[in-house]
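J.: First to last, the sequence lines map onto chains U and P.
No gaps in the numbering here: position 53 of the first sequence is 53 in this note's numbering, and each next residue is one more.
Throughout, this note's numbering is defined as the position within the second sequence, counted from one, plus 1000.
Hints in this document: simulated from the structure, not taken from any laboratory.
Treat the hints with caution; some may be incorrect.
Unchecked claim - Calculated cross-link-like contacts (lysine-lysine; reagent style DSBU-like; alpha-carbon spacing at most 35 angstroms): (1) Lys1305/P - Lys277/U; (2) Lys277/U - Lys1180/P; (3) Lys215/U - Lys277/U; (4) Lys1110/P - Lys215/U; (5) Lys215/U - Lys1305/P; (6) Lys215/U - Lys1100/P; (7) Lys277/U - Lys1045/P.
Predicted, not measured: the structure shown is a model, and the values here were computed from it.
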Amino acid sequence: MTPSDRVATGLLTRADGFVQLITPEGERRADPDLDRWVVDIDTEALRGLYRDMSVLRRIDSEGIALQRQGEVGLWPPLLGQEAAQVGSARALRSDDFVFGSYREHGVAWVRGIDPADVLRVWRGAASSGWNPYDYGMAVPQIIIGAQSLHATGWAMGAKWDGSDAAAVAYFGDGATSEGDVNEALVFAASFEAPVVFFCQNNGWAISEPVGLQSKQPLAQRGDGFGVPGIRVDGNDVLAVLAATRIALDRARRGGGPTFIEAVTYRMGPHTTADDPKRYRTDDELADWRARDPIARVGALLAASGLDLETLEREVEVEAARAAGALRASIATMADPEPMTVFDHVYAEPHSHLDRQREQYARYLAQFDDGASAQTEGGAR
Amino acid sequence: MTTLTLGAAINAGLRNSLANDDRVVLMGEDIGTLGGVFRITDGLKAEFGAHRVVDTPLSEAGIIGTAVGLAYRGYRPVVEIQFDGFIYPGFDQIVAQVAKLHRRSRGTVKMPITIRVPFGGGIGAAEHHSESPEAYFAHTAGLRVVSCSDAADAYVMIQQAIASDDPVLFFEPKRRYHVKGEVDDRASLADAKPMGIASVVTSGSDVTLVTYGALVQVARDAAIAAAEEGVSIEVIDLRSLSPLDLVTVADSVRRTGRLVIAHEAGQQLGLGAEVAASITERCFEYLEAAPVRVTGHDIPYPPAKLERHHVPDLDRMLDGVDRALGRPNSLSGVEA
Ligand SMILES: Cc1ncc(C[n+]2csc(CCOP(=O)(O)OP(=O)(O)O)c2C)c(N)n1
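Based on the provided sequences and hints, a complete structural model is requested.
T.: Written out as structure tokens, the structure reads:
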């Protein structure tokens, strides 16, 4: 029986709840199903994953800092979810397509998207930051769960085209309650669509614990729909990589959809507008800090004889450079021109909007500086 | 009398409704322990318990659909939709079920569901957090649609909405949540102005300026600014969007002869079109100019850095007033 078949029969779970290759203490665990999917990950490659996650963490904290300084309207931090995002995204091919939510800065980073293009939208300076076709990643999705249907449709199309590319839908534990996600599971199963449902169970949907969304492990959510599940330690980058590779392999070979539940934790607030102290305990946070996804890879690397301090210093330089670039990008992020509010509403001319555009141009032209006065309290 | 923010006034109204009728239950995402993302339900779970103030799974269709079942069972659910743009997953349940069940059951089943929606822009929010979806619901028979604009109204109207045997969409002007106002918390609800009646908030004789929600304050400011130029604006807060209190509006237009309607939502087939058409039908011979609409553009809500070019502000309202008065304005000399 291959691991893909084991997934199909629901075997890829373990007594302690999820599959794991690196313990929180940084010990490498053998796993008969997962090991062969990560044989190529040698010390060098593991260093790469460590570096990815560390730089990402720094970019993320820079996003928060920029929000606190008023440069960005809102920022949804991914602190704690670095392994889930890097591990899964590193499993993808460039012709696969990602449909993320709003927290997948790490996935975007791995797809090669400039963090400044992610920031641009949170700054309120643009409706989207990148061309989806350039990176194989859709524009972010704020409507909870909607992207799971989009991923499924993309996957159906890929299959009909005879391609072996796959789609991945990222969503949270809360999203599994929305109709869209459940409908996506139905479509994916019915059409054996090559799609991976990647659920980052980070424990909370804003203030609501995962137990409010499901009485069972979320990996079992797919069972009734005919979509097999894998429950993986989401703070273990190697296990996440393996699990995603298994699901992708299954998709490429015509096996259909897989539901991955990456068990992780959002260590920060839901967004910079949220105060998690109102609903969760310090103990819980401390408990999860001890399972930090980056620290455990560091410990594993150190145990294998690598000089961790040197690596940390190298990574710090790189992270500082990335954070600096992100900060510097603000300077060139000019506010969009007023008349661009009318852009791209339609692909073809629309007489009503064309008239409205003309009218607003005429309105603006009444002002000396060509720009309207401020909202509320402005003077003519 | 007491001074409360608009948000705190809704909280106080919800508290009264929970205390007065044990069939009232609050439901929504994050409304319990967190007290809602805007804290409008703050403290209510602690006071009334988790069975009265219910944190629901993350599903708008689920929330509204189960509210329908609870209403069948005789409950009076008060549902919170976290932000305007998140009401659409529940849209089918609202327009196909909530709106129609009283009729379909030939009056035997009541749907006293209140759906609270923080709406509108001007707070620099992300996508889907600043929408004005009220016209979709005003367009749907079977629903009542209201919007408060200050603390006093918020306090009374939320209780009236909950007490109504009809489903009520209750639009809360989120950018006014923190604005304080006097609230008469002693007065009896029975004596309060009915939910379906508009308010004349500023009297005037030259132009009638009709709006609702957050723009009421902008309209008040416009009236003050126009007065300095010798123009007298009568500002009407519609309060109820379905039904519209056209009697109050028509009465005003018969005196002023001019009508301007303002809203943040797009213009096409919006509330402004309805008010303009209805008033033209009723007051054609009193009108000295065509009714004027001052609205958001017919575009998806723009990114925060551009929202001031979308949401009507004081200047846009005054430009509309100029159009109604035939004074120089953005459309001067333009053929329609
Ligand atoms: C349809 C819809 N309803 C409500 C919201 C408001 N909202 C934004 S994030 C969130 C919680 C999402 O939790 P989860 O799916 O677990 O993802 P996480 O943010 O934890 O990654 C809610 C309720 C929304 N964005 N879309």
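J.: Now tell me, hint by hint, if it's right for this structure.
T.: Each hint tested on the structure:
1. Lys1305/P - Lys277/U: Holds, at roughly 31 angstroms.
2. Lys277/U - Lys1180/P: holds, 27 angstroms
3. Lys215/U - Lys277/U: Holds. Lys215/U to Lys277/U sits at ~24 angstroms (cutoff 35 angstroms).
4. Lys1110/P - Lys215/U: Holds. Lys1110/P to Lys215/U sits at ~32 angstroms (cutoff 35 angstroms).
5. Lys215/U - Lys1305/P: violated, 42 angstroms
6. Lys215/U - Lys1100/P: The hint holds at about 33 angstroms.
7. Lys277/U - Lys1045/P: Cα-Cα ~17 angstroms, so holds.
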